[in-house]
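Chains as they are written, first to last, in this note's numbering: chain A, 1 to 239; chain B, 1001 to 1311; chain C, 2001 to 2291.
No lab work stands behind these hints, which were simulated from the structure alone.
Every residue gets a Cβ at the ideal spot worked out from N, C-alpha and C, and that includes glycine.
Fair warning: there could be bad hints in the mix.
Residues from chain C that face chain B, not an exhaustive set, calculated with beta carbons under 7 Å [as the list claims (entries may be wrong)]: (1) Leu2062; (2) Val2099; (3) Arg2100; (4) Leu2102; (5) Ala2103; (6) Val2114; (7) Gln2124; (8) Gly2229; (9) Met2263; (10) Ala2271; (11) Gly2275; (12) Ile2279; (13) Gly2282; (14) Ile2283; (15) Gln2286; (16) Phe2289.
Here are the simulated distance ranges between beta carbons [as the list claims (entries may be wrong)]: (17) C/Trp2060 / B/Val1285: 28 to 36 Å; (18) C/Phe2085 / A/Ala225: 53 to 61 Å; (19) C/Met2056 / B/Tyr1028: 39 to 47 Å; (20) B/Ala1092 / C/Ser2134: 47 to 55 Å; (21) C/Ala2159 / B/Arg1307: 27 to 35 Å.
What follows is the residue order along each chain.
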Amino acid sequence: MVAPLLQVKAVSKQFGGFTALSSVSLDIAPGERFGLIGPNGSGKTTLINCISGSLRNEGGQILFEGKEISRLPAYRRTRLGIARSFQIPRPFPSMTVLENLLVPSAYVIHLREAEGEAMALEILRSIRLVDKAHVLANQLSQVELRKLELARAMAAKPRLLISDEAMAGLAGAEVDEVLDILFKLNESGITIIMIEHIMQAVMRFSQRVVCLDAGRIICEGTPQAIVGNPDVQKAYLGA
Amino acid sequence: MSYWISVGAILAAAFLAAISGINEYVFYAGYIVLTFVVLSTAWNILGGYAGYVNFGTGAFFGLGSYSAVVLFQALGAPLLVQIIAGAAIGAALGFGVGIMTLRLRGIFFAIATVALLFIMETLMVNWRYVGGATGLQLLRPEVMAPFGSYTRMLFVVMALLAVIAVSVARYIQVGWIGRGLRAIRDSEEAAECSGVPTLRLKLFACVVSGALMGAAGAPMPMYLSFIEPASSFSLNWGVSALAMPMIGGTGHWIGPVIGALLLGSIQQIVTVTISNEINVLVVGVLLVLFVVLAPDGVVGLFRKWSRRSSR
Amino acid sequence: MIFSFDLLFEAVLFGVLLGCFYAAVSIGLSVSFGLLDVPHVAHPALMIFGSYCTWMVASWGLDPILAGIVLMPAFFLLGVVIYRFYYETFERRGSEAGVRGLAFFFGLAFIIEVGLILGFGVDQRTVQAPYIGSSWAIGEYRIPYRMLVAFGVALVLTATLTVYLSKTFTGRAIKAVAQDEPALRLMGANPVRIKQWAFGIATGVSALAGAMVIIVGPVEPAMDRLYIGRTFCVVVLAGLGSMTGTLAAGLILGISESIVLMMLGASWAPAVAFGLLLIVLGIRPQGLFGR
């Protein structure tokens, strides 16, 4: 039995009177492809924010490679190997695509300019964004921005990559393109948590899926089991 | 390399001018313009590079002035010591306000700097040792050869400080620290998730900025032979230190220099020929005009123009 | 320094009145900065501009409070124009807008201040009214009538605005627009028009606030600098977006300032608001009732 890469133990988060997460627990195995689904407002992004460090969880613990990280600021967690992309892309608009990647290469991997550039170009080549390398980030299309989000996370050489709705708003071929990138990353050994609304993408990609609703886990299992689960269907269609 | 050659040439020119027979007024006005070069460059390290606006430049500047006065009165400290002390105290103040408010949104930091301004002024108003509200007259020490007057010497000193400030800003901008600051300015949350230690970098920028502002304040009492709280801690220093980089261009170290030279000279002319109030009005109007119409400043305009003419 | 309970009581009493006055002058900022997230450092300058306008209108014979009320519609329109300009120029553009928005309002404050100096000179201006200059004597304490008037107007203003924001549709839309703009759009409301309206209200209220300022004491153009401290202190201490918090925070500031005034004198009083502001920012930046 391999030790889990990430352990979320009874994590809670409140915003004033509103409970966003209520004692959520899950384990992610190294190398796993993990899907996280749930209707809008169910707490998916809040959970991601707690794992990546953008928010502090109130109850429970978060352990990464056996180490408690709940008290660490986000930049430390990234340096430990947790990277995330943002649901609404947050590029550095005053920088080119290449320069965007130089930030994590300098601050996470501690590469010098020349080596960082080489690594960045390689990443851009692998996701077919290299022809935009010297374009300012504020001039990219939607799908290019999504790719940049992933590329920037990749430039941090993570062990765990959290992809927050990387395919939202994308059409057929574009979805396949992003999915392809995620598959390749996983093959190279990166554990991936995918949050998505596009069900067929989640089904194709995930080995295990968890469904959140109103801050609680309501179902956990294989993609087939989840899809057939009445509680999950109710959460998405009901109320 | 060409940078350092230019720097050397500028310093040499300043020195030669100071020991020449040029009209005293040039140095009198030039000292103020050079002070603004330091202040606007210092402001830009935190405001332009990292995106955290400081309204209270006067707090750091004035504190540098007052610490120089205290050292001079109590220990007869020479100018160099005064300047170093000003830098140290400015750095400490920067660290203090930074650690309190840089975790919060930018506007809270901005308001906190205004708070510092008024609190400093109130403290000095109530401190009799430095003259309270009426201030203190100061006797300048003997001026060293080869300078003909103390003002000329101060002019060269401030030119040196300006070069130091600009060199520091350039070093930060070009290096990895500058990239991190720019990431913070562009999208702080994404920067943090990209491994940038945002609070540390902001603190660093705030400390460096504060140190330079404090250093710039230190020779001021000697320049005026006088110090008093209201003008030392005036909000007017803040609006100038902010307007100059915004007018010159905040992305590049040359922006604040251009802004200071341009606006500083305009200010000198307007104050002398019209009035001090119109001077503040001009600063305010130019600030708003540039912020609205030319957000990338003179540097931005120049870039656009050169791109257009190369087509 | 002689400490007497009598002096302390009088200071607290005065502080309560002063506090309500501070709450009333900060309410506009509570809406524009607390609810709408506009970095409105020119709010005190607009308010002092309101004081001068009150002075002008009052010099034609109108009672200062009525003058303030009469000015409200004009200031409302001014607020709408300013917000529209701010929105089109800055809020739309995204991240870089933060620095430039702040710089814009800072520049605006200076332009207003110098405009006042050029238009009215640096001398202090006051208004006359039957309730200015005399006091109400209760026992051994004297309460200046003008403070009571300010107190009354403050309560009415705060109550009206609080009721408006919680009971009317537009009011609740204003409260919602800061927190949940997408939901508002789904309901068919236009967030920009709501914010415009709210900013107009905030500026309109500033006219009346300015009237109170000149009733309570003489005004001069540079006073906006001092009021930056007082208004932001109240709004931050209250917690952004809390109207009732504004009253509580105003009281805390008023009483603190009054006690410091009594114990240490006028040369220390200006620092109280700023000092309190720093303390709040350092210890509990979300304020008393912050969201």
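Each hint, compared with the structure:
1. Leu2062: violated, 29 Å
2. Val2099: holds, 5 Å
3. Arg2100: Constraint on C/Arg2100 satisfied, holds at 5 Å.
4. Leu2102: Cβ of C/Leu2102 sits 5 Å from chain B, so the hint holds.
5. Ala2103: Result: holds, 5 Å to nearest chain B Cβ.
6. Val2114: Given a least distance of 4 Å, the restraint on C/Val2114 holds.
7. Gln2124: violated, 16 Å
8. Gly2229: holds, 6 Å
9. Met2263: For C/Met2263, the interface hint is violated, since the closest Cβ of chain B sits about 13 Å away, which is over 7 Å.
10. Ala2271: Status holds, d = 4 Å.
11. Gly2275: With a minimum Cβ separation of about 6 Å from chain B (threshold 7 Å), the hint on C/Gly2275 holds.
12. Ile2279: violated, 9 Å
13. Gly2282: Holds, about 4 Å.
14. Ile2283: Hint on C/Ile2283: violated, closest Cβ of chain B at ~9 Å, above 7 Å.
15. Gln2286: With a minimum Cβ separation of about 10 Å from chain B (threshold 7 Å), the hint on C/Gln2286 is violated.
16. Phe2289: Result: violated, 17 Å to nearest chain B Cβ.
17. C/Trp2060 / B/Val1285: 28 to 36 Å: holds, 31 Å
18. C/Phe2085 / A/Ala225: 53 to 61 Å: holds, 56 Å
19. C/Met2056 / B/Tyr1028: 39 to 47 Å: holds, 41 Å
20. B/Ala1092 / C/Ser2134: 47 to 55 Å: holds, 50 Å
21. C/Ala2159 / B/Arg1307: 27 to 35 Å: violated, 58 Å
Hints 1, 7, 9, 12, 14, 15, 16 and 21 from the earlier list are contradicted by this structure; the remaining hints agree with it.
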